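Those protein sequences? They're chains D, W and L, same order as listed.
Sequential numbering of the first sequence, starting at 9, is according to this note's numbering.
Sequential numbering of the second sequence, starting at 173, is according to this note's numbering.
Sequential numbering of the third sequence, starting at 3, is according to this note's numbering.
Simulated from the structure, these hints should not be mistaken for lab results.
In this text, all values refer to a predicted model and were calculated from it rather than measured experimentally.
In this text, a Cβ means the ideal position worked out from N, Cα and C, and glycines have one as well.
A few of these clues could be false.
From the structure, some residues in chain L lie toward chain D, with a derived Cβ separation under 7 Å [stated by the list, open to error]:
(1) Leu26
(2) Asp30
(3) Arg32
(4) Thr38
(5) Ser59
(6) Tyr60
(7) Asp61
(8) Leu64
(9) Glu65
(10) Ala72
(11) Val74
(12) Leu155
(13) Thr161
(14) Ile162
(15) Gln179
(16) Pro182
Derived SDA-like pairs (lysine to any residue); straight-line CA-CA distance at most 20 Å [claimed, not checked]:
(17) D:Lys366 <-> D:Phe377
(18) L:Lys5 <-> W:Thr270
(19) L:Lys5 <-> D:Pro227
(20) D:Lys110 <-> D:Thr156
(21) L:Lys5 <-> W:Leu271
(22) D:Lys111 <-> D:Ser453
(23) L:Lys5 <-> W:Val249
(24) L:Lys186 <-> L:Ala176
(25) L:Lys5 <-> W:Tyr193
(26) L:Lys5 <-> W:Asn200
(27) L:Lys5 <-> W:Gly196
(28) D:Lys269 <-> D:Glu196
(29) D:Lys110 <-> D:His448
(30) L:Lys5 <-> W:Ile190
(31) L:Lys5 <-> W:Ala194
(32) D:Lys111 <-> L:Gly211
(33) D:Lys203 <-> D:Thr272
(34) D:Lys111 <-> L:Lys5
(35) D:Lys269 <-> L:Leu26
(36) D:Lys110 <-> L:Pro212
(37) D:Lys269 <-> D:Thr200
(38) D:Lys111 <-> D:Gly358
(39) D:Lys110 <-> L:Leu150
(40) D:Lys203 <-> D:Lys269
The primary structure of each chain is shown beneath.
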Amino acid sequence: MPEPGTDALWLVLIPLITALVSFLLPTRGGTLAACAVVVAAWPLARLLHAVWHTGTVSQHLGGWQPPLGIQVSANGSDTFLLMIVWLIGLGVTIYAFHYFRKKSELFWPLWMFLWAGLNALIISDDLFNLYVTMELVGLAAVALTALTGRAEALRAAMRYTIISLTGSLLYLMGVAMTYAAYGSVDMETLSTTIKPHPAGYTALGLMTVGLIAKAALFPCHVWLPPAHANAPAPVSALLSALVIKGPFLILAQLWLQVYSKIVTPEAFAVISFLGGAAVLWGATQAIVQQRLKRLIAYSTVAQLGYLFLALPLTASHPDAWSGILILLAAHALAKTALFLAAGNVLHAAGHDTLAELKTIMPRLPVTAFAVALAGVSIIGLPPSGGFLGKWLLIVSALDRNALGIALLLVIGSLLAAIYIFRIIALAFSGEESTKGVRFHQPPRSMEWAAFVLAFFAVLLGLASNAPLHLISMGGRMAP
Amino acid sequence: MISSEQLYLIAAAALVTIGFYAIGRSPNLMRKLLGINVLGNGIFLFLISVARPPGKSDQSPDPVPQAMVLTGIVVAVCATAFALTLVDRYRAATGRLTLTETDDYA
Amino acid sequence: MSKWLTRLFCLSLFVGLSLALLQLPNDDARLSPAVTRQLDASGVSNPVTAVLLNFRSYDTLLEIAVLLLALVGAWAIGQPRTAPATLDDAPLLIVLRLFLPPIILGAAYFLWVGASAPGGAFQGGAILAGGLILLLLGGRSPWLRRPLLHRFLLILGLTIFLMLTVLPSFSGHAFLQYPPEEAKIWILMIESAALISIAFTLTALFLGGPPRSPNS
Numbered sequence: 009m010p011e012p013g014t015d016a017l018w019l020v021l022i023p024l025i026t027a028l029v030s031f032l033l034p035t036r037g038g039t040l041a042a043c044a045v046v047v048a049a050w051p052l053a054r055l056l057h058a059v060w061h062t063g064t065v066s067q068h069l070g071g072w073q074p075p076l077g078i079q080v081s082a083n084g085s086d087t088f089l090l091m092i093v094w095l096i097g098l099g100v101t102i103y104a105f106h107y108f109r110k111k112s113e114l115f116w117p118l119w120m121f122l123w124a125g126l127n128a129l130i131i132s133d134d135l136f137n138l139y140v141t142m143e144l145v146g147l148a149a150v151a152l153t154a155l156t157g158r159a160e161a162l163r164a165a166m167r168y169t170i171i172s173l174t175g176s177l178l179y180l181m182g183v184a185m186t187y188a189a190y191g192s193v194d195m196e197t198l199s200t201t202i203k204p205h206p207a208g209y210t211a212l213g214l215m216t217v218g219l220i221a222k223a224a225l226f227p228c229h230v231w232l233p234p235a236h237a238n239a240p241a242p243v244s245a246l247l248s249a250l251v252i253k254g255p256f257l258i259l260a261q262l263w264l265q266v267y268s269k270i271v272t273p274e275a276f277a278v279i280s281f282l283g284g285a286a287v288l289w290g291a292t293q294a295i296v297q298q299r300l301k302r303l304i305a306y307s308t309v310a311q312l313g314y315l316f317l318a319l320p321l322t323a324s325h326p327d328a329w330s331g332i333l334i335l336l337a338a339h340a341l342a343k344t345a346l347f348l349a350a351g352n353v354l355h356a357a358g359h360d361t362l363a364e365l366k367t368i369m370p371r372l373p374v375t376a377f378a379v380a381l382a383g384v385s386i387i388g389l390p391p392s393g394g395f396l397g398k399w400l401l402i403v404s405a406l407d408r409n410a411l412g413i414a415l416l417l418v419i420g421s422l423l424a425a426i427y428i429f430r431i432i433a434l435a436f437s438g439e440e441s442t443k444g445v446r447f448h449q450p451p452r453s454m455e456w457a458a459f460v461l462a463f464f465a466v467l468l469g470l471a472s473n474a475p476l477h478l479i480s481m482g483g484r485m486a487p
Numbered sequence: 173m174i175s176s177e178q179l180y181l182i183a184a185a186a187l188v189t190i191g192f193y194a195i196g197r198s199p200n201l202m203r204k205l206l207g208i209n210v211l212g213n214g215i216f217l218f219l220i221s222v223a224r225p226p227g228k229s230d231q232s233p234d235p236v237p238q239a240m241v242l243t244g245i246v247v248a249v250c251a252t253a254f255a256l257t258l259v260d261r262y263r264a265a266t267g268r269l270t271l272t273e274t275d276d277y278a
Numbered sequence: 003m004s005k006w007l008t009r010l011f012c013l014s015l016f017v018g019l020s021l022a023l024l025q026l027p028n029d030d031a032r033l034s035p036a037v038t039r040q041l042d043a044s045g046v047s048n049p050v051t052a053v054l055l056n057f058r059s060y061d062t063l064l065e066i067a068v069l070l071l072a073l074v075g076a077w078a079i080g081q082p083r084t085a086p087a088t089l090d091d092a093p094l095l096i097v098l099r100l101f102l103p104p105i106i107l108g109a110a111y112f113l114w115v116g117a118s119a120p121g122g123a124f125q126g127g128a129i130l131a132g133g134l135i136l137l138l139l140g141g142r143s144p145w146l147r148r149p150l151l152h153r154f155l156l157i158l159g160l161t162i163f164l165m166l167t168v169l170p171s172f173s174g175h176a177f178l179q180y181p182p183e184e185a186k187i188w189i190l191m192i193e194s195a196a197l198i199s200i201a202f203t204l205t206a207l208f209l210g211g212p213p214r215s216p217n218s
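All chains should be built: construct the whole structure from the sequences, respecting the hints.
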C-alpha cells in the first residue's frame, strides 16, 4: 500500500503523463484530459482522508532528507486548494471539450501542463522548486492566452510574457541570495534559521516585487485585464481563478512562514495598502467597462486585492487565514462561472457587449442563473462563500482595530454590487423578441458547467464547517 | 583593493541592473528579451560565485548553485525560444515590434 | 522626466544590490558537506550530476517538463514552418560529413563522462542539437516528415523519467528513490533518453513553429 505522501505527488504526475499522451495523440486530447480528471479523484480522495485524520502528509523525494533533498507536503490548506483546483479543472475540462470541439488540439497538453504546475506549486516546500513550478505555470498560461491568434490576444500575451519572466527572475535572484545567506532553499529549515541580515531583506524584497508583478497587484496590474479578456473563455477562467493565485500563495508562505522573523509591520502595512488600492481601482474600473469579459477581468484585480489587504491580520488571527482561503476559493469558483458564462454569451451572439446582454440572456436561462449565483458570491452576500470569507476577515479586522481594512472590505462589496447588478439587470430585463439577431445555442454542458461552479461558490458558504475544519488541519501555515 | 570575489558580485549586480533597465525602457521587444537574458545571466553569474569554496581550501566548489544554474539556463533558453516565437507571430499579425502604449478600450 | 526617474531607480538598485551582495558571508560551506557525505550513495562521482539527477532530481523532472512545454507552446502559437528544402551544396555536404560523426561521438562522450566530470544529458543534448540543426539547415531532416516518430522522440525523455519516478513507489519507497546499487544505471537511462529529447526539442524550437508537411 503506498504511503499517503505519494498521493499528493500523483496529482502532479497524472497531468504530466496525460500531457505527454495528448501530445502524442492530439485528436484524443479532450477525452484524455477528462480521464485524467476522473483518475486524479482517487489520490485526491485518499489525500483528503489522510490529512483529515493526521494533519499533514509529506514526502522526501528520492528518499533524501531536506535540506539536501526536496520535500513536498500537503496540510489542510494545501489539500483544500488542491480540491478547488480539481473542481475547477473538472468544470473547465467539460466546458472546453465543447468549446474547442476539434480545434486547438494543443489546448489539452497545455492545460495538463498548467494543472501539473499548479498542483506542484501548492505542495512544494522548496524555494528553488517553486521557481521551476512557477515557470511551468507561467509558460503554459502565456501560451494559452495567445491561443486565439488575434492581434489583441498576442499583444496581451506578449506583455504578460515579459512581466512573467521578469518577475520569475527577480524571484530567482531572491532565492539565490537566500541560499547564499542562509545555506538552504528548504522552507522548513529556513523558517528556523533566518535572522535579520541585509542580504535577507534584499532577497525578500526582490522576491516580493517579482511575485507582486506576477500576481497583478496594484500598481503592477496593467497586464491583467487585456490578457484575461482576450483569451478564450475557458482560459480566462483558469487565469483568473487559479494562475493568478499561485504567486500570492508563495508570497504568503514567504511572509508568514519562511521570512516571518524579519518581516516588519511597516512592510505589512505597505502591502495591505496596495491591496486596498487594488480593491478600489479594480472595482471602479469594472463599473465603467462596456464589454463583459473586460469587466470580469477588472473584477479579478479587485478581488485579488482583498487577499493582500487582509494579510496583516493573519499573524494574530488564525481565522483570518481561513477567511483568505475561503475568499480565494469562492472567487475562483465564481470567477470561473462568470467567464464560462461570458463564453456562452460570446458563443451565442458572437460578441460580449454589455448593452446587448438583454437580447441574449433570455434565451440562456441556465447561464443567466449562473451569473446571478456567481455575482452573489463576488459581492459577498450571504449565504455564499464570498460572504463567509469576508465575514471572517471583517471580524478579525474589527477585533484588531484595523478599521481601515474592515472599511475597505465593505466598500469593495458595495462597489462590486454596482457592477454585478449592472450585469444582472441587463441579463434579466431582456425581451424575447430577437428577430434578426444572431443566436447560436451553446451546448447544454457548457451552460451547466458554469451553473454548477457558481452553485459551489454559494455552497462553500452554506456547508462551511467541513472546509473550515480542513483548512485548520496540520497547522494553517505549516509547510 | 577589490578581491576577485567582490568583483564577481559587483558584476552580477551590474548585469541585473542593466537587464532590468533594458526591460523597462526599451520599446523594442527584441531588446526587452535581450534584457531578460542579461538579467538571467547576472543571476547565474551570482550563483556561480556563490559556489566558490570557502577560504583558500582545496574543497571542490559547491554543487548546489551549479545545479541551479544548469536548471536556470535550460529554463531561460526555453522561455526565450517561446517568447521569440510569440514575437514572430505578433509581428506577423501587427507588423510591429513594439507594444503599443494604449490598449484598445471597448 | 520618467527617464531620469528610471535611471535614478536603477542606480539605487545597483548600489543597494551590490552592498547587500558584498555583505554575504563568504566562508560558508552551505550544503556542500551534505553532498559530499552522501555522494557515494548517489551512484555517480560528479557532485553536480549527483545533485541534478539524484538529490534534487524532482527539479530536473519538472525542468524537462518545462522544456517540452515550451515546444508545445511554440507549436500552439507559432506560424507553421516548412522544413528547408534539400540543399545539394558541395561545401555543406563536406561539412556534414566531417562534423556529424564527431558531434554524435561528442554528445555520447559528454553523456558518459557526466558521471565523473562536468557533463551530462543537457550538455550532450545541446551538442547533438547542433548537429541536428546542421542537418535541418541542409534540408536533410527526415524526422520532420514522420510526425508520430518526431513526437515520440520529443516525449521520450520525460516518459522515461516519469517511469523511473513512479517505479520505486510500487515497492513502498519514495518517488525517485533509486535502489542504491543500481543508481548509476538508472541515472544513465534517464540521461540517455533525456539527451535525445533535449536535442530534438532544441532543434524544433530552432525551427520556430509547428512543422508543416509539404503536402498540406
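How the hints compare with the structure:
1. Checking Leu26 (chain L) against chain D: minimum C-beta separation of about 5 Å stays under 7 Å; hint holds.
2. The beta carbon of Asp30 (chain L) comes within 6 Å of a beta carbon in chain D, closer than 7 Å, and the hint placing it at the interface holds.
3. Using the Cβ-Cβ criterion of 7 Å, the hint placing Arg32 (chain L) at the interface with chain D is satisfied: the shortest such distance is roughly 4 Å.
4. Violation of the interface hint for Thr38 (chain L) is found here, the shortest Cβ-Cβ separation to chain D being roughly 11 Å, above the 7 Å cut-off.
5. For Ser59 (chain L), the interface hint holds, since its Cβ comes within 7 Å of a Cβ in chain D; the closest pair sits about 6 Å apart.
6. Look at Tyr60 (chain L): its Cβ gets to within about 4 Å of chain D, closer than 7 Å, so that hint holds up.
7. Hint status for Asp61 (chain L) relative to chain D: holds, with the closest Cβ pair at about 6 Å, below 7 Å.
8. Given hint, Leu64 (chain L) at the interface with chain D, holds; its Cβ is 5 Å from that chain's nearest Cβ, closer than 7 Å.
9. A cut of 7 Å between beta carbons decides the hint on Glu65 (chain L): the least distance to chain D is about 6 Å, and the hint holds.
10. At about 6 Å, the closest approach between the beta carbon of Ala72 (chain L) and any beta carbon in chain D falls short of 7 Å, and the interface hint on this residue holds.
11. At about 5 Å, the closest approach between the beta carbon of Val74 (chain L) and any beta carbon in chain D falls short of 7 Å, and the interface hint on this residue holds.
12. Of the supplied interface hints, the one on Leu155 (chain L) is violated, with its beta-carbon coming no nearer than about 11 Å to a beta-carbon of chain D, more than 7 Å.
13. At its closest, the beta carbon of Thr161 (chain L) sits 6 Å from a beta carbon of chain D; the interface hint therefore holds under the 7 Å criterion.
14. A least Cβ separation of about 11 Å between Ile162 (chain L) and chain D goes past the 7 Å threshold, and the interface hint is therefore violated.
15. A least Cβ separation of about 4 Å between Gln179 (chain L) and chain D falls short of the 7 Å threshold, and the interface hint therefore holds.
16. Checking Pro182 (chain L) against chain D by beta carbon gives a least distance of about 9 Å; that is not within 7 Å, so the hint is violated.
17. Taken as a hint, the Lys366 (chain D) and Phe377 (chain D) pair is honoured in the structure, with Cα atoms around 14 Å apart against an allowance of 20 Å.
18. Note on Lys5 (chain L) and Thr270 (chain W): the hinted pairing holds, with a Cα-Cα distance of about 18 Å set against a maximum of 20 Å.
19. A hinted pair counts as satisfied when its Cα atoms are at most 20 Å apart, and Lys5 (chain L) with Pro227 (chain D) qualifies at roughly 19 Å.
20. Taking the CA atoms of Lys110 (chain D) and Thr156 (chain D), the gap is near 14 Å; set against the 20 Å cutoff, the hint holds.
21. The hinted pair formed by Lys5 (chain L) and Leu271 (chain W) meets the criterion: a straight-line CA distance of about 18 Å does not exceed 20 Å.
22. Restraint check: the Cα-Cα separation between Lys111 (chain D) and Ser453 (chain D) comes to about 18 Å, which is no more than 20 Å; the hinted pair holds.
23. With a CA separation close to 30 Å, the supplied pair Lys5 (chain L) and Val249 (chain W) exceeds the 20 Å bound.
24. As the CA atoms of Lys186 (chain L) and Ala176 (chain L) are separated by approximately 18 Å, the hinted pair is consistent with the 20 Å bound.
25. At roughly 10 Å between alpha-carbon atoms, Lys5 (chain L) and Tyr193 (chain W) fall within 20 Å of each other, so this suggested pair holds.
26. For the suggested pair Lys5 (chain L) and Asn200 (chain W), the alpha carbons sit about 16 Å apart, so the restraint of at most 20 Å is met.
27. Between Lys5 (chain L) and Gly196 (chain W), the direct Cα distance comes to roughly 10 Å. Compliance with the 20 Å bound is thereby established for this hinted pair.
28. A C-alpha spacing of about 13 Å is found between Lys269 (chain D) and Glu196 (chain D), which places the hinted pair at or below 20 Å, so the restraint holds.
29. At roughly 18 Å between alpha-carbon atoms, Lys110 (chain D) and His448 (chain D) fall within 20 Å of each other, so this suggested pair holds.
30. Between Lys5 (chain L) and Ile190 (chain W), the direct Cα distance comes to roughly 14 Å. Compliance with the 20 Å bound is thereby established for this hinted pair.
31. For the given pair, Lys5 (chain L) sits about 12 Å from Ala194 (chain W) by alpha-carbon distance, which is consistent with the 20 Å threshold.
32. Note on Lys111 (chain D) and Gly211 (chain L): the hinted pairing holds, with a Cα-Cα distance of about 17 Å set against a maximum of 20 Å.
33. As the CA atoms of Lys203 (chain D) and Thr272 (chain D) are separated by approximately 13 Å, the hinted pair is consistent with the 20 Å bound.
34. For the proposed pair Lys111 (chain D) and Lys5 (chain L), the alpha carbon gap of about 45 Å is over 20 Å, so the pair is violated.
35. With a CA separation close to 19 Å, the supplied pair Lys269 (chain D) and Leu26 (chain L) stays within the 20 Å bound.
36. For a cut-off of 20 Å, the pair hint linking Lys110 (chain D) to Pro212 (chain L) stands: about 18 Å separates their Cα positions.
37. For the hint linking Lys269 (chain D) to Thr200 (chain D), the alpha-carbon distance of about 9 Å falls within 20 Å, and the restraint holds.
38. Taken as a hint, the Lys111 (chain D) and Gly358 (chain D) pair is honoured in the structure, with Cα atoms around 17 Å apart against an allowance of 20 Å.
39. Proposed proximity of Lys110 (chain D) and Leu150 (chain L) is supported: the alpha carbons are some 19 Å apart, at most 20 Å.
40. Pair hint Lys203 (chain D) plus Lys269 (chain D) holds up; C-alpha atoms about 7 Å apart against a cutoff of 20 Å.
Of the numbered hints stated above, those contradicted by the structure are hints 4, 12, 14, 16, 23, 34, listed in ascending order.
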